[in-house]
Structure formats: C-alpha cells, structure tokens
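Chemist: All chains should be modelled from the sequences, with the hints used to inform the complete structure.
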Amino acid sequence: MSTHVTHWIGGKPHPGGAAERRGDIHNPATGEVSGTVALAGPDEVDAAVAAARAAFPAWRDASLAQRTAVLFRFRELVHRHSGELARIISAEHGKVVSDAAGEVARGLEVVEFACGIPHLLKGAFSENVSTRVDAYSIPQPLGVVAAITPFNFPAMVPMWMFPVAVACGNTVVLKPSEKDPSAAVRLAELWAEAGLPDGVFNVVHGDRAAVDALLVHPDVKAVSFVGSTPVARHVYATAAAHGKRVQALGGAKNHMLVLADADLDAAADAAVSAGYGSAGERCMAISAVVAVEAVADDLLERITERVRRLRVGPGDDDRSEMGPLVTREHRDRVAAYLEAGVREGATLAIDGRVHPVLGGGGDGFWLGPSLLDRVTPDMSCYTDEIFGPVLSMLRVPDLDAGLRLINANPYGNGTAVFTADGAAARRFQNEVEVGMVGINVPIPVPMAYYSFGGWKDSLFGDSHMHGVEGVRFYTRTKAVTARWRPGAAGRVDLGFPSGG
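Those letters in the sequence shown? Residues -13 to 486, by the numbering used here.
Not one of these hints is a red herring.
In silico DSBU-like links for lysine-lysine, alpha-carbon gap of 35 Å or less:
| hint | residue 1 | residue 2 |
| --- | --- | --- |
| 1 | LYS(-2) | LYS108 |
| 2 | LYS108 | LYS464 |
| 3 | LYS442 | LYS464 |
| 4 | LYS108 | LYS442 |
Just so you know, these hints were derived from the structure itself, not from any lab. Predicted model only: the values in this text are computed from it and were never measured.
Modeler: Next up, the structure:
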C-alpha cells in the first residue's frame, strides 16, 4: 500500500502545503513505487530551523542528568524496535534484513557512547593560576546543527551524528536521503517517545534545494555531511563560506592488499564479504583487490568459487545474502562499468548480470556480484567510485608497489592488508596514506569511542565523525578566568596582566 512520508518538525509530523513537491519511493526488489516523500524547499527548512532554534535555550540549559536520561530511554527504544527499523530500511534501500539489522546495531553503539556525555563534557580547572585567581574551560553547545546523510545507511549514518550533537546540548535538523526516508521519521518518533523536548530533533526530506537552504541558513551553526566527493566539496565550500563549522565526508576507493604469505581463504572470504555486502553500496566497501602477482590467480579462483554460491534476492527473503541496488538508474550506471572495463582492457572474470536471482527478480534493480581482473590504474572502473557490487583486481609485484598504488589514489578513506608478516603489516599501517586501516580486517570501521573519517579527497574539514572528535565538533570551548577578592576593592593597575 502506498504511503506518504512527510517532515517531522517541532515534535510532530509537518503537513506541508498545497504546492508541496513530492518524490517517489521505490521497492528496489520489485521496481514498484511503494510511496511518496515530501520534498522540502526553503519554507520547510526555515520552519525546521526555527523549531530547533526555539528549542535550543532550554535544551542547552538542561542538566547532564536530564540529557542522559533521555539518551538512555532512546537507546532502549531503538534496541526494542531494531527489527522494525531493519524491515523499514530493507523495504526502501533493498539490503537484506540481516544487513539492515547490523546497521542499526552499529548506530546504537554511538548512542551508547553518547550516554557517557557527563564524562565527555568535563572541562579543565586550574586553581591559583595567579594570586586568588582560578582558570577553567567550559565546553558548550553550538546551537542548531544540520545533518545531511546518504541513502546507503539511512539509520547508521544519521546515528553517527545526532546522538553526540543532542547529548552535547545542540538541536538538530536532519536531512536524510529522499530515496529511503522512512527510517529517519521512525527515529524521530522514538526520540519523542523517549521524552526529547519538541524541536530538539527535526527531519526535513528533500533534494538539493533543501540541502542548499541548510548550507546558507544564518541560524545553522554547523553542518555534518556524508556522501560523494563532488557533493562533499560543494557542502564544505558553501557552508564554510557562510561561516559554519563543517565536517564533510566524501567518496572512497578502498583497497585490500593481499601479500604472498596471506591466508588466501581468509582473504577471499574478506574480499567477497567486504566487496558485495549491501550490494557494494558502502563507503567502506572494498572495491579494489590489490594482489601480489604470485598469488593473484589462486585468490581469483577462490573468490569466484565463493561468488557462485552467493544467493541474491529480495531483502525480506531469509535465504538472500545480497539484495538489489537502490534505484534503476544507479543499477544501470554500475552495470555500465563492466562493459567499460572490458573495452579498456580488463578481463570480466565474474559477470553479475547473469547471476541468478531468487524468485526470478521481476523488474527489480538487480546486478549480481561482478569482478574485473587485470585492471590498471588508468581504467574508469578504478578511477571512479562505482558504489556497487563490482570488484576490480589489480596485480602488483610486491608490498612496495602495492603501497605506491594505494598512496597515489586521490581517495584515502579505508584500506586493509592481508598478511602473516607482522613487520610488513606494521610498515603498511605506518606508510599508507589512508585514514582507517585494517590488518587482516577488511572493513576497519572504528568503534564508536574512536572517530570515523578518511584522508585526502575522502574528507573536507578538520574533524571526523563520533568519538572524541565528534564531541569537539559539536561544542566550543569557553575559557574563564575568575578572581574573588576577600575584601574591598584594591587599587587600579594599568600594567600588563601577569602571574604573581
């Protein structure tokens, strides 16, 4: 049954106006339109920001005990409704329900981290820095902050941002992807049920018009973004030019270097899991397997054997291990890289266009796991972020060549090395120019108490997501110097202040 997803502003659904624009929501497994979503313009963005601005003074002044009580209740509600959230995500994104449940669980880790905000917001205090003078620092919230998130993780990526922002005393306007908007609204409902005051958390749906309205709005103090590199660059440049604090995470080309001494079964398992999980629509997906030539053929054979057994099908089918892509246009764009790779000289070792789909697939947005072998760095399947179930295998003679290849890439999000040699692994982690590194771990997403973010063209701004860096991003420090004289006023001194 078709549904209409609208905004959440000031603690309740926002009805919109007669001239409201709408977009279609699809079921990727069938290709059918399953609902519509309201698309915000400047008026809806203004209403959401106004609600957040009005709610800020009281939430800023709420005690840490009050904030953490709400966070703990929200954590329990999300945990209780995790199965429901997973089904919502699967229906609109296409990923299998078990993968969607894992997404919710990883997002909850950041909520749990934010529950420790009383410790994280402790300032510093120095007594008697001068005679009867004390100095201390106070971390305080910024105000209204915007979170702009992608389609691939409609629950987890927003939960990288808003739990820490809310815990620090800010109010939030979330602009999720219009392709799969329902999870964001359900999270807003759970916030309300947890007792979060109206206006502290708001959701506006939309396209570029909504994004640009947030980037230039004078009452928005900071912007957090995850998406492609061209859009991240635009978000950073526009928001920073309007005086806002910005963290904008961009695209990726994540490499997995397999050395000659690696456990090839473990490496093949990792390549298949990290390359094809969530249909490759992950910013941390392995998209380039860099194999030392001596083991490349053996590794390819093991990957191929595993791919043959992968079950591709609808996300709500318990047998499915990989679902469809999010839209027809995206599927067609990803599939085009297979033909382009062959045209440019690569070998199509695994053609996902002929991979069977459980139930036949109907008119869904299907592309099975694919692999292009003997890829070189000048090919479009390597230079572009494909964001789909396509692995590129590049061959190198040794560790030195592998490091040079990875470091020459403009992206620096995630990478991994598979080896049994501790010295080689240590050298790799030291020399590779990438923000998140795995050693025999294919997707090195850090735990919530560390921070997530890449280097080079994978990050615009100075701050990574969640962890201590997230707390710093959503607060600003005020330094206070205080003197309490025991008696009457003393004398006037026009000299330069100094200790003593």
